[in-house]
Structure formats: structure tokens, C-alpha cells
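Q: Assemble the whole structure, with the sequences as input and the hints as a guide.
2 protein chains.
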Amino acid sequence: MAEIAVFGYGTVGSGVVEVIDRNAELMKSRGVDMHVKYVLDIRDFSGDPISSRIVNDVDVILNDPEISVVCETMGGATFAYEYSRKALEKGISVCTSNKELVEAKGAELMKTAREHGCSYMFEASVGGGIPLIRTINDALTAERIDRIYGILNGTTNYILTKMDECGAGFDEVLKEAQELGYAEKDPTADVEGHDACRKIAILASLVSGKCAEWKDIDTEGITNIDTEDFRFAKELGCSIKLIAMCDFNDGCRAIVSPRMITADSPLNSVKGVFNGVLIHSDMLDDSMYYGRGAGKLATASAVVADAFECVRFDGKEVGRGWSEEKLVFADADDMKGRFFVRVDNANADAAAAALGASDKIKHENETGMVSAEMNGKEFKKKLSGLSGVVKFIRF
Amino acid sequence: MAEIAVFGYGTVGSGVVEVIDRNAELMKSRGVDMHVKYVLDIRDFSGDPISSRIVNDVDVILNDPEISVVCETMGGATFAYEYSRKALEKGISVCTSNKELVEAKGAELMKTAREHGCSYMFEASVGGGIPLIRTINDALTAERIDRIYGILNGTTNYILTKMDECGAGFDEVLKEAQELGYAEKDPTADVEGHDACRKIAILASLVSGKCAEWKDIDTEGITNIDTEDFRFAKELGCSIKLIAMCDFNDGCRAIVSPRMITADSPLNSVKGVFNGVLIHSDMLDDSMYYGRGAGKLATASAVVADAFECVRFDGKEVGRGWSEEKLVFADADDMKGRFFVRVDNANADAAAAALGASDKIKHENETGMVSAEMNGKEFKKKLSGLSGVVKFIRF
Chain A
4 MAEIAVFGYG
14 TVGSGVVEVI
24 DRNAELMKSR
34 GVDMHVKYVL
44 DIRDFSGDPI
54 SSRIVNDVDV
64 ILNDPEISVV
74 CETMGGATFA
84 YEYSRKALEK
94 GISVCTSNKE
104 LVEAKGAELM
114 KTAREHGCSY
124 MFEASVGGGI
134 PLIRTINDAL
144 TAERIDRIYG
154 ILNGTTNYIL
164 TKMDECGAGF
174 DEVLKEAQEL
184 GYAEKDPTAD
194 VEGHDACRKI
204 AILASLVSGK
214 CAEWKDIDTE
224 GITNIDTEDF
234 RFAKELGCSI
244 KLIAMCDFND
254 GCRAIVSPRM
264 ITADSPLNSV
274 KGVFNGVLIH
284 SDMLDDSMYY
294 GRGAGKLATA
304 SAVVADAFEC
314 VRFDGKEVGR
324 GWSEEKLVFA
334 DADDMKGRFF
344 VRVDNANADA
354 AAAALGASDK
364 IKHENETGMV
374 SAEMNGKEFK
384 KKLSGLSGVV
394 KFIRF
Chain B
4 MAEIAVFGYG
14 TVGSGVVEVI
24 DRNAELMKSR
34 GVDMHVKYVL
44 DIRDFSGDPI
54 SSRIVNDVDV
64 ILNDPEISVV
74 CETMGGATFA
84 YEYSRKALEK
94 GISVCTSNKE
104 LVEAKGAELM
114 KTAREHGCSY
124 MFEASVGGGI
134 PLIRTINDAL
144 TAERIDRIYG
154 ILNGTTNYIL
164 TKMDECGAGF
174 DEVLKEAQEL
184 GYAEKDPTAD
194 VEGHDACRKI
204 AILASLVSGK
214 CAEWKDIDTE
224 GITNIDTEDF
234 RFAKELGCSI
244 KLIAMCDFND
254 GCRAIVSPRM
264 ITADSPLNSV
274 KGVFNGVLIH
284 SDMLDDSMYY
294 GRGAGKLATA
304 SAVVADAFEC
314 VRFDGKEVGR
324 GWSEEKLVFA
334 DADDMKGRFF
344 VRVDNANADA
354 AAAALGASDK
364 IKHENETGMV
374 SAEMNGKEFK
384 KKLSGLSGVV
394 KFIRF
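Top to bottom, those sequences are chains A and B.
First residue of the first sequence? That's 4 in the working numbering, and the numbers climb one at a time after it.
First residue of the second sequence? That's 4 in the working numbering, and the numbers climb one at a time after it.
None of these hints come from the bench; they were simulated from the model.
All clues stand as given, with none of them false.
Identical chains share a label here; the pair holds if one copy fits it or two copies do between them.
With a straight-line Cα cutoff of 27 angstroms, these simulated DSS-like cross-link-like pairs (lysine-lysine) come out:
#1 K319 - K31
#2 K178 - K165
#3 K165 - K237
#4 K383 - K394
#5 K213 - K31
#6 K274 - K165
#7 K114 - K319
#8 K31 - K329
#9 K319 - K93
#10 K31 - K114
#11 K188 - K299
#12 K31 - K108
#13 K237 - K274
#14 K213 - K93
#15 K339 - K385
A: Written out as C-alpha cells, the structure is:
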């Protein structure tokens, strides 16, 4: 029997307890017998069945030689960092859903784990319950990954899907998403793309083996996307998605931005709060992973799967991580692509000629067009010489 | 350095050598140093660079204590079975792409592996390069899987996609697929659904822990799908896909058949030779895995990923398998569903009333309709009482 401690009894932490309690027999039949012995929280939850397992002092857990794995679901990078480090120093593997901590201190914590014969695992930090980290670490081991391209934030995907389907504006849909609990009261981290950016930073670190900092990644959110964009998108046979991407050809280039997604892309049908990530690699070509990128039980299940693996391969370092060497990104604007551009009707012909756009869609006041393929620098240079440009969205 | 032997230098076997030769440095940086020492084949490939590694006698390999993993890509269930068993009995892990052998003798070979401290791995036997086996074994460890539902055969998906997009008939598209190498000269195993059936049998075994036999699974191919079906499908906003499914609620029920897939399903956008598999489980809800289900390098990469894991966790049993106990399937016709039915126009109103179909699509001679939800037995009973029925396709 492997005794587990959970750090933090919030949404994901209570989910971890629920997953282990509910599916313990099933996991036992698969070879791992797990039990939650302690839950660390500053609250005592008196009256709740969990209260008998609540401890307020982390040392009770760290000094109990029976504990073999900690599930860290506290969030933040202060106490979570300190407690995770201490656990790893005791040889206790730590499995986390805390993307902030993984992005900020992952390299150091993985090194600590390696030095103490245990593992620091973080499947749940990216894509919730979708096995992305495990796929990159364990399945695509014979693959050179060229590009990761995906929808990594469920809140923005919900908002964009609703705007697309109902023709509603951003503010209206955001308000509805907040009422339904799909968006936070302060939605900044989601709608400005910071959450997706942290996640693509973790994937960039994992693939490159160096430490990517999210602040180095060009990030544009969805707050400027409007109903007129969706009207044009529909006529182009596209949807609009917030795409986090990282390209590993000739250096590493990352960018988070809204994009027009054509109907033939498997990402086009990733709707609502679902996430979907396309990975392109040299032998396998495109593969895609789709599922719930957030939510109590989906995320908790990924934390528990990590704990399962730590117990199963006790004594072996299970994860693969990255070094503390900083990843220096190359300029994302060196990548080639196409660009959807809205121009006022008076200047549309000149813009189309300059951008090499063959098809134009004319609305009452504006014309939408898609540029020829060119790199971002060239595009921006051409754009700066044009009059009447309303906006552009990457294709 | 882990020395590898490859059994069979056909399409996948030569792919395994290519993947290891090309990405050896990359895999070494990920912690596993692999080298192909021998290739077993009855041919000698004189003049080919591989010839120096070719051996014709399996005992040379089995008696070399340096060999730690065998990649079996011979196909068939006679020599492949004998050689795999002998390797496992020597404590050499075997990684295979051979679905016929896995389906027929997997349980026995996994038992042999367990008894000899090694592993029998078969990621490449289902879904080519898509990490399905690994996801079920290693990622969804905390999940109770309710249902697997997917496109597991690239040849039929290519044919159906072409019929859908070009309005061409089955025979014409099959001929084209054969010319392009997407379909075999004798296409029976693909177009009659047997290949997809073997794969869903392997997944059913893996999830249930018992040995599923493909002959026990109701299987219907795509040879009866015609252009009129696609005309109706388009008007219903659907595509038609060959779906292999297994349901684990209240026993285990499996069926392989063409189905109408609505536009909002992520399987709708799985086109051409790609495969896509939806897994529904209790904590994660729906997740989907998409990629190339066949092809030399994609399949070889999955074999090599298995070998990587065997080397990495040398001495631990890596895979999870099933027992030799026979899986007794429950009746698939007990499952509820909806059914698309074509009826001649004279009998359409009576059929719609009997089947609870609300919407009808009228063509020149026939009317298409979708039944209310009912179980398969009830549907077939109602159908047998109707006149003028042309055909039905599951929804």
C-alpha cells in the first residue's frame, strides 16, 4: 500500500482525493495500491468526512516515512515551492497541477528530484486530463518534434465557440462564461493569453530541454476579436481559435495569438471548453490529443496517473524534464505564414495587391482578404505601408 | 548501449532500423542508447547497407547475451509466435507491430514475459503511431473506461473520405486507393472491417483484462456504402465512417460498422488515411487521439518507443496486458442508438411513424430518416415489420 499526501484541499486537491477514493480498487487491479493518508490545508474542514485526514503542519507529512508520493495542488509559487522542495529532498516524489510553479521552478525541482532518487511530475499542469506530457516523454521518444500547435485554454475556447455559434460579442459571452463558472471573476490570465502562454512555455521547455520563460513569448489574447471577424471567418470557411504554438525548426520560436483555423484542420472541431493539441514530428507526422483541459476530476485524474507511475516505478526517475539553462527564443516573426487582414473598402484593392491576396470578401465598410505566404517581418513591413487597415489575424 | 534485433526486414522492420539509425543521438539524449545489431530475414539483401547486419538464423540472436530487446515486425502468427516466445523465454523483451499475433496469442506471450522478467509490448499493433496502448496503460490509470469509439482503419477511411468529397462510387475509389498503395490488392481485410475488428479486440482485451476474440465481434464492412448514402449524409450534416466500438458499461459489447457521424463529433474531421479514437472514461470524460494509423515510419516509431521503454525500465515489467480467460461479449444489440434508414417513397410515412423518425429527407425514389433512440433488438424487430426498406446505417 502506497500512502499519499495531498497538499491543498481546493478544487483539484479534493478531486485527487475523490479519484483515489473512488477508483482505488481499479488501480489496485492494475498493480498500484494507493491510499490518501493526509491532506494538508490551513482550514480544518470540521464536520466534513475529510477532516480526519487533514493536517495543518507540513512536517507531519514530511516526517512520516510511510508517505511515498505527494500530490501538490496548492497553486502559487511560494509555499507550494517550499513544501515541494522539502518533500523531494526527503526522497518523496511530487506530482503537481501547478503550472505557475512548473514554469517558474520546474528545472530546479526536477534537479532536486534527480539528486534524491525521486520524481517531479506535472502532467496536470498542461492540458488538464489530456496526456500531453506523458505522450511527449514516453510515447514520442523516437520522434524529433518539429512543432506543437494547439488550443490550451478552455475558457477562451468556450468564449470563441459561443461567439462563433451565437454571433454574440466578446463582453456578452464573457459575462455568461463567468456566470457559468467557465471564466474567473478576473479573467485576465485567460483572455489575455497568459495561461496558454505558461502552458506552451512548459511544452517548449520539455521539448527543447532548456528552461523557457513565459515572459519571452509573444502573447496576444482574444479581447479584440469581434463579431465582424467571425462574419469574415465564416465566409472563409474558418473558425477563430486562440492558438499557442512553438516551432522547433532552426531554433525555437513561440507565439500565442488568435488564428483563423480552416475547416480541414482537426483543431477546427475542438469546441467549448475542450482543448486540442497538434504535435508534428519527423516520423509520425501530425498527431492530435483532445480532451478536457481543465475541471476538477479531469485534472485530478492526471495528478493521480502521475502518482500511479511514481509508485509503479519506485526508485526509478520516471519523468523527463529540462535543465536550468535558459531557452533563448528565436524571433517568431521569422516564421512564414498567411495573414487575414481587414481593410476599409477604399483601400482594399491596394492592400490586396501589396499583400498578394487573391480572394477578397467585401462587406458594407470593409474588405477581408488573406495574404500570400510570407514571414511575419515582411508582412508587418508591408502592412505599415498600407492605408485603411483595421486589423489582422494570423492564419 | 542496448543492442536491438529486428525480426523481419519488410516495411515496418526497415522502418524500425531507419528510426533507430536516424534518431539514435536524440534518444541517447533522452536517456536510452540503442543500436540495431541484427536483422533477421530469410533474404540476405546483398549489396544493401543492411546486409552486414542480416542473419538468417534466429538462434544467433537468441544466443547473443548482448541483445536486450527484439522488435518483431514479421507478421503472421506462426514463425513470429515461435520466435517471440523463444526470445521472451530468454528474458528478452519483444516489441511488436503484429496485431494478428497480439490478438491470437497476446495473453500467452505476456504471461511468458512476466514469468521471465521481461515485457511483451504492442503499441504499434493498434493505431500505428498513435499512442493508444500507452495512453490506456500509463495515462488513464486512474480512469474507468466506459467506451472506446473510433476510426481504426486508414484504408477504409481514405475510401469513405474520397467518396464523400468527390461523389465517387466505392469500386472507383477502391481502384484508385489500390493504385496509390493505400489499399492492398486483396482489400478484404480492410473493406470488410476485419482489420478494425482485430484492433478493437485488442483494445477490448486491454481494458477488460480478458482475452477478446475478434471472431466474436459483429463486423460489417463498407462495401455496401453507396453515393446515395453520402447524398443523404450530407443533407443530415453527417459524414460516414467505419467505426469500431467497444462499450464497457454492464459487460462488454463490441461492434464494427459504418456509422453516420455528426458534424459536432471530433471524429467527423478525421479524414483520409488518418485514424482517430475517442475514449470515454469516468473522470476525464471524452478524450481523443488522432494520427497516422499506418505507414512505415509512424508504425516503426511506435515499435521503437516500446523498445525505448523496455530499455529504460530494464528489469521491470513495463506493459499491462490481459489474462488467458476468454472475454464473453454481451449482445451488442442491447445497446441503445439511433438508426438512419432508407425506405422507398411509397412506404416512407409508415416507416417514419413506426421508427419515431421526426425528420424525413425525400429524394427521387427514396426517403431517408433517422429513427428515435432505441436498442438494436427493438429496431430490428420494427424494421422487419416494415415494407420498402432499402438499408440502414447506424447513427
